[in-house]
Each structure stands twice: as structure tokens, then as C-alpha cells.
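**Student:** Listed below, chain by chain, are the residues.
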Amino acid sequence: MSQRIDRRRFLVGSGGALLALPMLEAFAPRTAFAQTAAPPKRLVVVFHPHGRVVGPGSSENWSPRTTTGPLPAVGTAPSPALAALAPINNEIVTLSNIDNIVRHASGDIDGHASASASCMTCVVPAGQTPKGPSIDYVAGLRLRASTAQKMAIVIPGQAAPFANSVTENNVFLGPNGSPGNYQNIDPKQLIRDLFASVVVGPPPPPPPTPTLRDRLSARRGSILDAVAKGFTSFRAGLSSADQARLDQHAQFIRDTELRYQTPPPPPPAASSCAPPSTSSVPNYNWPDFRKGEHDDVFAQTQIESLVQALACDVTRTASLFFWASGDPGFVTEFAGTSPYIAGNWHASVHGDGSPNDPSPASLTKGFGFYAKYFTKLIQRLAAVQDTDGSRMLDNTLVVWVSDLGYGSGHYCWNYPVILAGLKSAFSKGQGRHVVGQVNSLGDLYAQVLRMLGGNDTKFGSTGGSAGTLSGAVGTASFNFYPQMGRPGLIDKDTPLHFGALDL
Amino acid sequence: MTEARRLTALEYQNSIAVLFDGRLTPSGQYPGTVGKSVTGFSTEPAYNDIGSGGAEQLMFAAEDVALQLPAVLPQLLPCASSTPGEPCVNTFLDVYGARAYRRPLTAAERTELLDEYRAGVASGASFSESMAMVVDHLLQMPQFLYLAERAAGSDRALDGYELASRLSFMLTGAIPDDALLTAAPNLTDAATLTAQANRLLASPRANTTLARFFREWTGTTRITPADKDQAVFPFFNAAYAQSLNDSFDRFVLDQVRNQGTLRTLLRSTDAFVDSNVASFFGVTPPAAGQWAKIALDDKRYSGVVTQPAMLASLAHSSEPSFVFRGKFIRKQLLCENLGMPPANAQATFNTIPLPPDPTGKDISAAVVARSECAGCHRLLNPAGLALEQFDALGRWRTNYASGKTIDPSGVLPAVGSKPGVAGHDLTFTDQISMMEQLASEPQAATCLATQIFRFTFSRADNASDVCAIQDIGDALRASGGTLGSAILATTGTDAFTHRSDQ
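From first to last, the protein sequence lines are chains E and V. Going by this note's numbering, the residue at position 494 of the first sequence is 494; the numbering climbs one at a time, nothing skipped. Going by this note's numbering, the residue at position 339 of the second sequence is 339; the numbering climbs one at a time, nothing skipped.
No wet-lab data here; the hints were simulated from the structure. All C-beta atoms in this analysis are idealised placements derived from N, C-alpha and C, irrespective of residue type, glycine included. There could be a bad hint or two in this list.
[Unchecked claim] Computed Cβ-Cβ distance ranges for the label pairs, DEER-style:
# : chain 1 : residue 1 : chain 2 : residue 2 : range
1 : V       : S279      : E       : D255      : 47 to 55 Å
2 : V       : G219      : E       : D255      : 31 to 39 Å
3 : V       : N186      : E       : G237      : 21 to 29 Å
Same shape as in the complex, but just chain E (with noise of 0.2 Å):
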């Protein structure tokens, strides 16, 4: 398939003053076309491994509230780990009481494999065997518009291979749990792989100089507003009848200014379909990302190549993925001097195995790469001017979730789950925080395909006519981590599903 593409601008790998830009920046065109067609809606999966970094058992350093509610205002951070979303506050919906009920039927009650395998699925895996497809995938048919459009792909987003194909391999998944579509961990082959097929056209010439006439009928809208402002104005020493007779003239003029608004400037940097060049991507170079050194470039190239395979419709569903065992470095976190390339991120989540995170202080610094990152993507998402000229951003629905809830524990409890964009789904707006009356990762899959359009109520396995955990698949485990503070919650009788979630 071929598709073809007209832009103003192709800003990346144009010049060297150019690439001196903050690099997400210079990805970005400066300038946009007016289109009019509908979007369509889509979806971007954020993972990140290893859940909440501090348990339960200590002070919260995820939630930003204890109840729902609004979130704090923007340029406030949420809380300490989510500090990085200041910047986006307005634009998300955080959420708590979300479990993994199926996991506790695999058989694999402890570790990362069945954790992975169920996450996105809500599948009952068999064992450490995913046996579903995720959400992504499920939303992926849904929402393309032909089979020649890739199907839910998944993007690296850090630089490290994976080192367990247990896990990473686990996490996106086709049809019956086969492995989902893992894009190229090289960037530059991720760009050829995905932007092969769309040809871009010769830049449109530069709009013609506006005639007078242009500018006055640009004009139209401020000078009636004007006008209906000094019609109030004037009429200040009026008789009451005269009052009465310029109201309705400045009446009509309202009513004729409506027609004539001016529509907001488009987003800045806006652009529908801007494919990055190859030459702007660092070359792929192991070992020398082998400790997320250099992850920083590496997820602003990934991100603007997955924002661009939206923008370019390549795909309608892409994900953002982060891994458990890559080891991050998180250098940017901690100015070059990051623990974690010497020590093992992996490990130091665990610590002592304790449901209490022996050093919170690091482990939030690290999680904060993540935070920083999502809110960059969130960021060049309401940057992009969709085909409507709204925000891309606005028609995306973004869901950040992990394959844990507690990573310390490998608990499946509680997952840090955040939800941003296509605010027209969020009938109770953004900017909020929202505590669940107890929900499954299922209830969350579920209203994620209702708010794309779909009407589903369940999302995975149904555990049979009762709808509890004992009609799953495999081996309930009851009562497992008691001392959380939630004893008996997951048991035979635990159903897999409990409605929908308050958006």
C-alpha cells in the first residue's frame, strides 16, 4: 500500500540547526494544512514494567488522592512519582482499586511471567503461557480502517534488548496469546519499517499573499465583537427606548458574529502526517545502550515515530513499551550518576522482597523517567493537528498501565493505571482522580472499548455462568497476600468483572 501524503514542512534531518532543538521539538513541523475529514479514534498503550515502586505497606507515592476527585492543578505535582505529569494534570484521569483477578487462576501465583500474561489479556494464562490477545490487539481490529493498515504495533521504548522473552515477550499479544506485533528495536528500521509505504508529496506552495478583502473578512469576527461592545457603550446615556432599539441591533450582531469567530489558532508545531528521517535517529548501537544510557534520545525518536505512524494512519493502535528486565539506567533521572547502571533496577524494586521498598527515594527517581516520558507523549499528542484540525491528542485514547500492582511483591494489586486523551469519552471530564469500588483490569479493558465506540461489558475471561474466579480456568488462590490490608478479596468467589468505572 501506498500512501500519500501532503505536508508543508519536513523539518527532521533538515539542517543542523535543527537538530541543536530539544529533539522532540525538532521533529515537530512549524506549520499546518486545513483539512476537514473526521478523524478517527484511536489508541496508544503505555507499559511500564514493575508496577507501583513502593508497597503498600509504606507511604503512598503513587496515588495523588485517597479519594476521587479532582487532581491538583497543572504545573502541581500529583504526587512523588507522578511528579513528572505536572505539566499535564488537566489532561488525565488517574486511577486506584484496579486488580488482576484472572492471574490468580494460572497456576503461577507469584513472579512476573503469569503477571504479564494476563495483564493486558485478562485471560487466564496457563501457567506462565498467555492464552488471550491483549487489549491492544482486540482494539486494533476494531479500529483500522483496512487490513492494509498495521495492526497494533508495539514500539521499544528503551534502548536495551529484551533479556527475558518470558516476560517481555508476554506482555502484547495476538490471537490465543501469540506474540504480539514487536516493531524493530532499531529506530532507524522502525522508521524504514513503518513509514515505507507513505510517500510524501511536494510541499503545497506558500499561501498567497491575503488581498485586502482576505484581511477584512479575517477581521470579521473581532470587528463585530468590537462593534457589539461599543453598541454597549453607547447606549450608556440612552433613553430606555433607545436602549431598547440598539440591544436588538447589537443582538444581530452577536447572532451574526457567531458565524464569523474566528477559530483558534491551530496548535503549535501542528502537523497531520510528518514521517521522521532516518538520519535524525541515532544508529542503533549495542552494547552502548545496554544500560539506558542513552534511553533519553532513544524514547523521544520512539515517540515521535509512534505519534507519526498515528498521524500518517500506518496504524491506528501503537504501544509505547517499556520492559522489566532491560535494567534502565535512568541517567537523566539522576544527573549522570544514576545507580542503577552499575546496580539492577529489577532488583532494587524487590529489595528484600518486604512489601516495603527499601529505598523509595531512587526507585521514585527511577519511576519518574516514565512519568516524564508519557507526559511527552501526551504532549506532541495535543501538539499534532488531527484531520478535523483538532487535537490529535483528542482523538487518541491513551491507556498507561503495568504488569503488576505492587512490583516489590509481584503483587497484582492496585495497578498504577492513568488514562489521557479522546476527552469527549470522559463524561465526568479530566483532570480527576478516581478510586474504584474495587475493579478488575477487565472492567478497565472493557470501558476502554466502550469509550472507542465498542459495547462491551467484559473484557477477557468471563469465568462461566457465575462469573467468579472459580469458573476460570485453572487454580484459584485465596487469601494469598492477607497481609495487604485486603484479605480475602480475591478468592473462588471473586468475580471477574464489577462494572464500570467512574469516568
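Keeping the supplied structure of chain E fixed, place chain V upon it in accordance with the hints.
**Tutor:** Relative to chain E, chain V alone:
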């Protein structure tokens, strides 16, 4: 009380000409009138309210004018070429802003228009383009579009700028010219006001307004070939229509400018002819393209009511209308309140049996025989029947098409009647004797004062206006009854120089 009113289309055209020294063409998109004028005068406030699409039309009209600005800006504003910038914009506002608003701009008004200029510059527009935006803005503002005065409470004297606007729109149908604006601060002085009124009335700019007064008073429209049945009047083309229209205007202007009185207005045999009108009257035409003042047959013609344009306006497309013509005599010349015809008047008429080849009097008699019609038609029909010897285009005739002779004699009943006063009958042999008696009728003189009042204040008179109309009537008599003096005298009345909102 004088209500705020939007400029009429004619006033808008005149004002654009004054505002920009005739260098910019007024837009044809300026919204017209809505509904019906109660008095017949086009300046009534409600008649000029805008409809729901009016704001957009005003916007388009302002843009039409603004688009022309850059081409003539160097002539209008020399500094646009030499020193463009905000000081030059201020110069523009000092001159053209003050003309448009009919007074110096307030600081806030100046800032608002300067901001428009600044927005233009900020958008990348040139100086002249930015000035066009200022003009676009200016021409949509209420200060330009409306004649509005500050509320007065029980009574207050108008300030000089308010008087300048009243005077200018009354006499020239336009914003004040620079001489009047300059004199405005002193217009509260009666002598200054009179001097300016005399100057404006003598100006050619007063012609269209004076002609409008007589046209709207008499119901004389600008007739066109579309108004008449081409099968009956095949010669009546656009040029012919234009000649008849111009002839009417020349007659009434001559009356005002050459000491005409109510009597001469109603009894003069003068007519103005070009080749078309000369053909119409069957007289020797003047040189091509020229106009001549001639005297018509005094056995047939009598003043304004026998001017062809007026007779043609008060007629149907192929037949004259004794109802329209009689209505003018009773309602507009004698200021009698006849009320409005019922909604089913035409339907009722259609059911009235008529004899074969009915004359006007046959038809009138059949109508008056119906009790529901008699109340008004017995009053107005005789006056119209007196003018029956003029056909639908105002041509003289003595017989109907059927061959029957036209009888213009009759009795005009109950002239001057009002509650408690029976009035008197006027018996006439033809239109000449009727007009002779009407020219001496005191009620006609009072009515002229009333019509000048309505024209000046753009509204119907009411009981509280008796004194003001009396003042105008007194002025009319004091001036020897000349039409021009009567109009000028109006400007010296308290009603003109003061405002009351009670």
C-alpha cells in the same frame, strides 16, 4: 421625544459622500427599511430598524467602502504617503472620525479605532490596509449608523453637536459638513443656528432632502416602466420615467427656492419639461438635453397634484385610482385621520355589482352604498374623482375608454370636521375649483405645518405636539407662508432645539 434611528439608505449614501469627500462610492448592500412608515416619511425609527440579517449587511456595506480606501488614501490623508504611522492615524481620526461621529471622538473611541489599526499592522497588513480596517470598523459603529441623542428627562437644550446633526440630517440628509461641525459649538446661539440653516437650505445638497419631503408627503414614488402596463403605455420607457421623476423634483424645488407658498404649490401651472415631458404635455420641447419651465393650461393643471409623477404614483398600472388620489387630499393635504382600510376591503369590493362600462362615479356610488365602506369612501372618493381626467400616467383625458364623459364635479364633505365640529362642504366643478378652495383652506395650512413637523422629527404627531406644530404654523404665517421659510422656521422652535423624554 425624538427616538434614536438608523440612517436611511439615502442618508447613508449622502453621508459616505460627505465623509470621504465624494471619493468613495457608497455600498449598495446597506440594509433598507422594514415594514411600513406610519407618516409616509422614510426616516421613522421603527421603519429603519434592522432585521436579523441587517448586521451582516452593514458589515458587507462597510467592507465595500473600506476596500476602496487604499486607492484614494493619499488624497484623503497626505501623511499616509509621507509619514504613515499612528500620528497619521490620529490625524485621520481627527478629521474623518469626527465627521463620522458628528463630534470629536472621546479618548475611548479613539483608542478603540487605534486598536483596530494596530491589529491590522500586527497581522502584517500595510498602512493603507490597516486604515481600511479602521474604516470598516468605523462604519459599523452606532455613532455613525444612528442618530441618537442623550436622554433628557423632562427637558434639556441640545448641545451644539446634537443640533448640528439634527440640522444637517433635516436639511441635507447627511452628516454635517466641516463648516457645520466647526460651527457646532456655537449652534446653541440662535443666530448661528439660523445662519447655518440658511446656508444648508441654499446648498444644492439640500435638493435631495427637499425633494424627499415632497415626494414622501404626497406619496410620489420614483416611477419606473415596471409600474405601468406596457400594453397601455408602450412609450413609457426608463428615460421617459426618469424625465417625469425629474420634472416633479424640479417643480417642488422651484417652489421652495423661489418663494413658493402653499397656494402656489397647489395652484401653480408651472411645469418643467425636457423633450420627453414636452411630448407628454404636447408642447414645444426645449433643446436636446435641456429643461425649460413652462406654464400649462390653467383650466387643466393645478400645482403639485397634477404633476404627472404624482398622478402616476397615485394610480394603478393601467387605470387611475380615485381612492389613492382622494386619500392624498384628505389624509396628507388635510391631515384627516381616516384610519386603515379593513383587511377584507378588496375582497368586499370584488363582490360589489357594477354596471357595464362603469365610470369612476358609478364605481364610487356602488362602494359608498355599502355601509361598511361609506365611512371613509364618502369622504375621500369625491376628491379623487375630481382628478379623474388624468389617466394612470397623468395624461389629460375627457372621456373614458368606453366613450363616456368624465365628470370631475363634486362635493368634498365635512372638511375640517373633528369631534364636536361638523366641518363644512366644498362644492367644486372640477379639479381646478377644488384646488383653489383647498389652497385657501386653513386646515391645509395647519396640515403643512404638521407634515413639516413629522418630516423634521421622523414621527407622527400626538396631542403633546400641538404647541410645536402651532409654532411651526406661526412661523409659516410670519414668514409670509413661503415653504422655505416654514422649513427654516422649524429649526428655531423649542421642539427643535430641546429634547424631552417625558
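**Student:** Hints first: check each against the structure and report whether it holds.
**Tutor:** The hints, checked one at a time:
1. V:S279 - E:D255: 47 to 55 Å: 53 Å, holds
2. V:G219 - E:D255: 31 to 39 Å: 36 Å, holds
3. V:N186 - E:G237: 21 to 29 Å: The hinted range 21 to 29 Å holds for N186 of chain V and G237 of chain E, with Cβ atoms some 23 Å apart.
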